[in-house]
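S.K.: Top to bottom, those sequences are chains H, U and D. Position 58 (the first sequence) corresponds to 58 in our numbering; numbering is contiguous. Position 208 (the second sequence) corresponds to 208 in our numbering; numbering is contiguous. Position 78 (the third sequence) corresponds to 78 in our numbering; numbering is contiguous.
Fair warning: there could be bad hints in the mix.
[As the list claims (entries may be wrong)] Simulated restraints on C-beta separations:
(1) Lys4(H) with Ser235(U): 47 to 53 Å
(2) Lys68(U) with Arg190(D): 37 to 43 Å
(3) Gly230(U) with Gly68(H): 23 to 29 Å
(4) Phe261(U) with Asp132(H): 48 to 54 Å
(5) Leu240(U) with Asp132(H): 23 to 29 Å
(6) Ser32(D) with Trp273(H): 32 to 38 Å
(7) Arg64(U) with Gln252(D): 51 to 57 Å
(8) Pro146(U) with Gly111(H): 20 to 26 Å
[Stated by the list, open to error] Rough simulated footprint, nothing fancy, chain H against chain D, three-plus residues with beta-carbon under 8 Å:
(9) 246–255
(10) 272–278
Simulated from the structure, these hints should not be mistaken for laboratory data. We put the CB at the ideal spot given by N, CA and C, even for glycine.
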Amino acid sequence: MSNKLIEFKNVSFRYGEDEPWVLKNVSFAIEDDEWVAIIGHNGSGKSTIAKLINGLLFPQQGEIIIAGKKVTEDTVWDIRKEVGMVFQNPDNQFVGATVQDDVAFGMENRGVSREVMIERINQTLKAVGMQDYRLTEPHRLSGGQKQRVAIASVLAISPSVLILDEATAMLDPSGRKEIMQTVSQLQDKQGLSLITITHDLQEVVQADRVIVMNNGEIWDEAVPRAIFSKKGELRKIGLDVPFVAILADALKEAGIMISQEPLNHEELLEDLWTLHSKT
Amino acid sequence: MNNSLIIGQYVPGDSLVHRLDPRTKITIIFFYVFIVFFANNLPSYGILILFALSSMLTSRVPIRFIMKGLTPVWFLIIFTFILHLFVTKEGNVIFNFWIFEFYSGGVIQGIAISTRFFLLILVTSLLTLTTTPIEITDAIEDMLRPLNKIKFPVHELALMMSISLRFIPTLMQETEKISRAQASRGVDFRTGPVKERIKAVVPLLVPLFVSAFKRAEELAMAMEARGYQGGEGRSKLRELKIEKIDIFVYFIFVLVIMILFATRTYG
Amino acid sequence: MDITFENVTYIYQHNTPFEHKALENLSFHIESGSFVAVVGHTGSGKSTLISHLNGLSIPTKGKVRIGDYSLSKEHKPGDMKELRSRVGVVFQYPEHQLFEETVEKDIAFGPENFGVSEREIKKRIQEVIPAVGLPESMLERSPFDLSGGQMRRVAIAGVLAVKPDVLVLDEPTAGLDPRGQKEIMDMFYRLHKEQGLTTILVTHSMEDALKYADHVMILNKGTKYLEGKPEDVFIQKEALNQVQLDVPEIVQFLISFEQKFKTAIPYQKQSVEEIARQVQRVVIGDELL
């Protein structure tokens, strides 16, 4: 049985009294070991959700429960042990003078002993494939490498959930690939809940579930396949549809009966092959 | 292009001097600076010179790096020498030139004072040449720890220093980027009257400040998200440890002090 | 303006232990009025190439010619201003260059530096503001109160207000959401067509290069790796993979399709609809038509 790890109950948030609401009456739940992608255009409220989960912001209305605890000023330090976050800008979250110092930072804050730190630094750097860079300074790393270090830093405090808040937005395609590969391996191995926040629909394919945000509200919540089938509507709220979905539509238009909404080329080709064998 | 960036003047290495605990280095330099002023004859200067030169050789830092560090002070050393030559009127006249008379005392004083100067600068630059800025920060944090008792924010100071060091290359890259962007918009940083050039700095400084503030804000948030709550209850990965080699070096240094005081002239 | 690189080599920190070759013996020609995409892995020399286009860097060896300008170690023009007024560069994250109190002043900054008259600047601002899709009401606001996407448009307007003949775009859509990306690229394409600009787009996005450019150049380690029409360059999967680049998705699909069905559908820049019809012919056969 899976448990609810994160629960939003009618959460509304705004930055100030005179400011517009950034989140309006948002409710959802995320379970243990689940990978949830939150997508939406810039300013749709998706990053605010991440900051609320971690207690960097507090809602004006509604409540947020993480691992059975309500997020308040008093519980926030316990909650931050459960929730690890990787932010967008690779430079502005690198605290340490070298890679190993940065991975140690979160553990130092929690008074972890030196022996344990060294062991976990080695473990987590290996998990993200950065073990050869233990003593490297940040300005000698690429954006993708810095983000992998940021992931290792978070893993070092063994949280129950890892949030990637647009962690790939500033990377080049190979950096993006690096991060997505790292993340999906981690999710397989470590039994970690994962929340990826992005505006890139390509990055949601592997998720178990997708929450689509629009203007501070949940616009839709479904498996990736169901989301991909709503192409026209997705475009209207500023999101892009993957090529494979566009092609599938064009094929239907050309009179080919596609059996299911394809998530990738392989699925589409398999489907076509089945049709081909029948004729 | 970024790989060439060296912060401070640290020269990477694995020599005995590099491996010493930074606290050992700072302590020894502190006392060295102090005892230099007690040397007053050839043997006492000799032992100090011997100590400084052998440290320099053990560090295996290329001489040209050390000399480069000394360039700005050569002038001072020579100036001190000449000053003493003219001003000191002790001993015998050994040399006449135009209306000046040079005394033997002046020459000796001149040599002595500029030697002190030279030694001071040599050993202090050896510290920065063989110790990374972050090690120095660690050592300072550790050595200032007693000040915690009078509520001096030692940890905060050290953290501030280490984060500044961490962001120096980032901000240098940023400066380069923005100055290229503004140059492309027709700003001329290099030529023109001084007034114009001062004005040209505004389009560079404003974006730099804006970005530095944004970085600071994001960094603070990232640190908070990673559980930073100030110095209390924190453990440390970086560990300073006095090893046998440090004890050995202390021992040598005490010996140097003893020889110095045994050989210097009293009265 | 035509742009020509003749055997350009650029070395950072020449004659020091940190010497680093960013461009090596690079030669190419860009015809006036064309839309060229420069694609390459991070560190392939793209940024160094850009800085040669408006005299921010001078070749260590070789020669760069931009219109009537000639830049080489032996021949440096004393004043780069005119060149820089004719080659506009939109750098990566151009919003980082904003500094004035109001949007209007920031847009006017470039033209002022290049000695454009006040009346003419006013006129140009009226033109560029709608061109970048900003409302005129924004002119009096501080650029720092705007959203990231709006700030970027202001910065772009500042480059356009100089009225360059050549527009250099360095990853102009980085960090924007999909709608913002499309709007910005469509805007540049429209400007390119309407004003007869020579446009050089430096990008990681194969899709954008394919969609907008009529000529592509792939850089690798400071040298020209491949060059040609997008539909010729982007079908060379193995060659591209070798320099850590992928083919555009549409080409990838056709390659996978060929492997599965043992029938090739050559890529000729046809539309998705056209490809769907071709696939249909292979999968189901003509008899149904």
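S.K.: Are there hints from earlier that the structure breaks, and if so, what are their numbers?
M.R.: Of the numbered hints, 1, 2 and 6 do not hold.
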